[in-house]
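> Sequence:
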Amino acid sequence: MWRNAQVNWDDYRCFLTLAKTGSFSRAARLLHVDHTTVGRRVAALEVDLGIKLVERLAREVRLTAEGHELATLGLPFEEAMASVERAAAGGGAALAGPVHISAPPGLASLLLAPKLVSLHRQYPEIEITMSSDKDFANLNRREADIALRLSRPLSNGLVTRKLRDIPFFFFASHTYDIAEDDWEFITYLQADDILPQQSWLMQHIGSRTIALRCSDAASQVQAAAAGLGVALLPDYLGYTDVRLRKCPSQLTPPRRELWMVVHDDIRHAPRVRVVLDFLIGMLAVTPNLELPHASEA
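When we follow the working numbering, the leftmost residue of the sequence shown carries the number 428, and every step to the right adds one.
Since the hints were made in silico from the structure, they are not lab data.
All residues carry an ideal CB built from backbone N, CA and C; glycine is no exception.
You may find that some hints are simply not true.
Computed cross-link-like contacts, DSS-like style, restricted to lysine-lysine with a CA-CA straight-line distance of at most 27 Å [what the hints assert, rightly or not]:
no.: 1; residue 1: Lys589; residue 2: Lys673
no.: 2; residue 1: Lys542; residue 2: Lys479
no.: 3; residue 1: Lys542; residue 2: Lys673
no.: 4; residue 1: Lys447; residue 2: Lys479
Beta-carbon label-pair distances, calculated as ranges [unchecked claim]:
no.: 5; residue 1: Thr491; residue 2: Ser634; range: 41 to 51 Å
no.: 6; residue 1: Asp437; residue 2: Arg694; range: 19 to 29 Å
no.: 7; residue 1: Ala523; residue 2: Asp437; range: 40 to 50 Å
no.: 8; residue 1: Ser626; residue 2: Ala540; range: 21 to 31 Å
no.: 9; residue 1: Arg640; residue 2: Asn583; range: 29 to 39 Å
no.: 10; residue 1: Ile605; residue 2: Val712; range: 31 to 41 Å
Using the sequences and the accompanying hints, generate a full structural model.
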């Protein structure tokens with residue numbers, strides 16, 4: 428039996444995010460708070476309603492029957508509140524305020540982060556937040572304002588723009604002078620074999636040696652630059668790191684597509700428009716493929 432209580436929306440939002448992610452830490456990342464804050468708000472909601480909503484296990488959170496019911500009831504309300512928040516966010520005319528960008532980890536840490544300084548100098552009142560979790564941020568729920576994706580998102584209310592094709596190539600350090608048949612590889616974790624480029628790589632290298640598996644492209648770049656092996660990287664990572672060289676190969680690696688996504692409700696807000704234009708100008712061009720490397724200078 429549910430206690431008749433006035434529910435705090437922030438507590439309810441934390442619970443709904445926890446229900447979707449199944450983890451306090453993942454919910455905290457989406458909400459941009461500490462995981463203890465999520466736990467405290469969910470506990471407060473349980474006290475207000477007088478029911479147990481979640482079972483706290485060692486590595487996950489499991490909803491109780493009442494928790495499942497409350498999560499289902501809350502989805503339409505969450506969407507309605509997100510619509511109100513998007514409308515409010517899109518109404519400001521000033522070049523100031525928060526803009527949240529969601530991007531793949533390698534793109535965020537190795538390409539976007541170093542280049543945001545010019546945007547900040549030009550528009551210091553715009554507060555950029557950038558998240559790089561592998562899980563897609565939900566723009567309809569305002570988990571981000573702008574998203575960069577390596578596949579075309581399909582969702583109502585979103586405006587998408589293809590920025591360019593992303594070719595992948597093999598890269599290694601300048602000192603990695605080993606014949607292609609003897610290459611050792613730097614790859615993603617086995618759990619990431621669903622990624623198109625990783626799936627292609629696994630199909631083509633067969634039983635050849637994998638020197639390192641890691642969870643993110645930034646680690647692959649560092650390992651390849653140190654001479655550990657050959658990494659299959661997008662052009663925007665391989666060509667822009669002077670420690671790496673492109674390794675000629677008889678294989679033709681795959682391509683992916685870089686898409687930019689924004690919700691229609693906020694895309695005309697001046698501060699969002701400025702960030703969109705900045706990202707388009709930076710990302711819609713192919714890296715300079717003639718960038719000199721140490722072995723070619």
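> Go through the numbered hints given earlier and state which of them the structure violates, listing their numbers in rising order.
Violated hints: 2 and 7; rest satisfied.
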